[in-house]
Amino acid sequence: MPTTTATVILSSADLLSDELSLSTTMTLTKTTTSTGIEDTTGLNRKKITSTAKGTASGQVTLYTADDFAAIPYLYIKNLATTAGHRIHIYDNTTSGDPLQFQLDAGDWGFIPMHGDKTYKAYATNNPTSIEFMVMGQDQ
Amino acid sequence: MATTTAAVTLTSDLMSTNMSVSATTTCMKAGTTADGLDQMEYGYVDLPTGDEYDLIASTPTAGKASKLYLKNHSTDETYFIAITQNAQAIGKLYGGDWMFIPADFHDAAGDIAITANGGTNKICYALFHEGTALVTT
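Quick note, the sequences are listed as chains A and B, same order.
Just so we're aligned, residue 54 is where the first sequence starts under the numbering used here, counting upward by one.
Just so we're aligned, residue 84 is where the second sequence starts under the numbering used here, counting upward by one.
Since the hints were derived computationally from the structure, they do not count as laboratory data.
Predicted model only: the values in this text are computed from it and were never measured.
Please note: incorrect hints may appear among the correct ones.
List time: in silico EDC-like cross-link candidates among lysine to aspartate or glutamate, alpha-carbon distance up to 16 Å [to be verified]:
no., chain 1, residue 1, chain 2, residue 2
1, A, Lys83, B, Asp159
2, B, Lys147, B, Asp121
3, A, Lys83, B, Glu160
4, A, Lys170, A, Glu184
The shape of chain A in the complex, shown without the other chains:
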């Protein structure tokens, strides 16, 4: 059985009066089991060339609804280094394409998704590079 882990470390020496250090590791498993996930899209790197959501071309599809069984885990990173070059991630399944996450230059995110919604990304700057990967159980 494959073993996939995700570790986060949040730290700061000067945000609080004492040092902040928070670390945790999770093993990615099939839903409600202790069996490890077996599928991944692999790591992707793409250029976003659209500066709007909707029907315009140039958005990048991060995940297609129901491609994986619940729970698919989404890792995303904005590779821009210029402040203000934001990536907006929106739900392309729900009416109105609501915005869900915004990543400024250098930001990353890790999201255990419901799996039933398509996520796409556009950016404030054309082009902006994004790195992403979905891990889970194919169906």
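Got chain A sorted already, so can you dock chain B onto it with the hints?
For chain B alone, coordinates are given in the frame of chain A:
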């Protein structure tokens, strides 16, 4: 300027060669790479079943940066919390799972709401931000 870093490492033997992906970011205020987030909220609470609750009592200021860390500390792997933003489902955290999202929780509707399933879930959260509108009594 406060300096708060968030680092993630993903490792797996899913593929024919071992995978290791790491990323680190310094949590910055919106639109800058020179001024770090300087405020935070932190909580470790029991989340009972039956109702949906606002995770964040105060409302981060519009157009400002927020980073949310949330972990489900339940040890029962069938327990989970459902997470919504602006009434849209964005994720589920089963026992032991965590998430880290950079987002713009700029109004009450855009806030994060959570619902426990299976039983009382114990959760830990940290919100790093650059200003909130406190809730008056």
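Evaluation of the provided hints:
no.	hint	verdict
1	A:Lys83 to B:Asp159	holds, 14 Å
2	B:Lys147 to B:Asp121	holds, 12 Å
3	A:Lys83 to B:Glu160	holds, 10 Å
4	A:Lys170 to A:Glu184	violated, 19 Å
Going down the numbered hints, you'll see the structure goes against just number 4.
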